[in-house]
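Engineer: Please construct the entire structure, taking both the sequences and the accompanying hints into account.
Going down the list, the sequences are from chains A and B.
Residues in the first sequence are numbered consecutively from 1, following the UniProt record's numbering.
Residues in the second sequence are numbered consecutively from 1, following the UniProt record's numbering.
Calculated pairs, DSS-like style, for lysine-lysine (alpha carbon to alpha carbon, straight line, at most 25 Å):
1) B/LYS361 x A/LYS10
2) A/LYS41 x B/LYS101
3) B/LYS101 x A/LYS44
4) B/LYS36 x A/LYS44
5) A/LYS23 x A/LYS10
6) B/LYS18 x B/LYS299
7) B/LYS62 x A/LYS52
8) A/LYS73 x A/LYS52
9) B/LYS101 x B/LYS299
10) B/LYS7 x A/LYS41
11) B/LYS361 x A/LYS41
12) A/LYS52 x B/LYS36
13) A/LYS41 x B/LYS36
14) B/LYS361 x A/LYS69
Derived from the structure by calculation, the hints contain no laboratory data.
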Amino acid sequence: MEAAKVLDAKGLACPMPVVRTKKAIEEINAGEILEVHTTDKGSKSDLTAWAKSGGHELVKEAEEGDVFKFWIKKA
Amino acid sequence: MSFTAMKSQEVARKVIQKEELFILDVRNESDFADWKIEGENFSYLNIPYFDLIDGVDSILDKLPKDKDMLVVCAKEGSSVMVAEMLSEQGLHVFYLEGGMKAWSEHMEPIKVGDLTNGGEMYQFVRLGKGCLSYMVVSNGEAAIIDATRMTGIFTHFAKELGVTIKHVLDTHLHADHISGGRSIAKETGATYWLPPKDAGEVVFDYQALEDGEEVKIGNTTINIHALYSPGHTIGSTSFVVDEKYLLTGDILFIDSIGRPDLAGLAEDWVGDLRETLYHRYRELSNELIVLPAHFMIIKELNEDGTVAEKLGTLFAKNHGLNIEDEAEFRKLVTENLPPQPNAYQEIRQTNMGKITPDEEKQREMEIGPNRCAVR
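Structural biologist: Right, dumping it as structure tokens:
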């Protein structure tokens, strides 16, 4: 999947992963994909809920070791 | 204005004293719906923190001017962010130190009463999760029943009282929280007791609690009779302490009864549960004070914060003890049960010693309410 931007939010605790994601998605165009990497366990449900509330589409998510990866398509 | 931390202990005091508090819970809507800080005079507003990143203007007119306000999140970070934004708008607000994780772990030790020949019964109320633990103290010795994994609270309390922990007992193999029994026993050299029928798969040594057993605390006449009362789990055991208190574990609560399905055998155990509640307990004195291992709703707390009621009163008022028709009873405890506690299978495995998750993982497994009862 081709991401327009990759955000490294590893090592950050809540609320920072979502705060940074929100900022990053403002820098891409509608229809483009933002790839986010986090390590905070709470970010899993928070990013999902945040994407839903903003109308963005969580296209894919994956866990690689301690890292959670999300691909979010901007609305 | 400013924002300051509020400790779980202060929130607990507000719950017990039925004070007013406005809670701005900034967790996800699903987390809030699942589990929150309960207080009889608390009011709530749930707005996820990520809807407030750009500003708090949208909620200002929904916030009270005349009440203490507490911002709550899962761990603390987001509540600090929101509290700071509110303070910049001229409000004075508190945030919950350590978030819901700290709230889930907080316990209030409250004295229930004195024992006949000196000594005391203490109840440890875990408000965030609805778990109740006990310490029986007599003549320099102590027994702990249904200890939680926050073992320091018990060992510290015993030290303050100047008593030695001699026995640690679990009424049954818990499915909603991780027992601290084994590690307290290990740390203090106390004996760890478990009902053998619940302990078939445990991988550590324990002393078997059998029907008719007596465990002595101090050298007075305080005995703990193990009263075998299967239902919630096949090995569930009740204790009568000092012929005054009936510790019912997860069999009988103040306003509800134990659900029989958490070890997977609701159909098989419903008969045992009925036998215990409708026959065995009826042979006991109505004057016994029931001390359960859980409460479900904040209304079950007495004025002093304890959760305790006479057995006779429960026979009169607890709906679960007043279902004449056996089929109807069977239906209540096997159908339309509430969702099972978070991670209950993993919690059972942990309590058997089969898996040993780290502290952070244990904390996560215990998130949420206990859900051990049916009403």
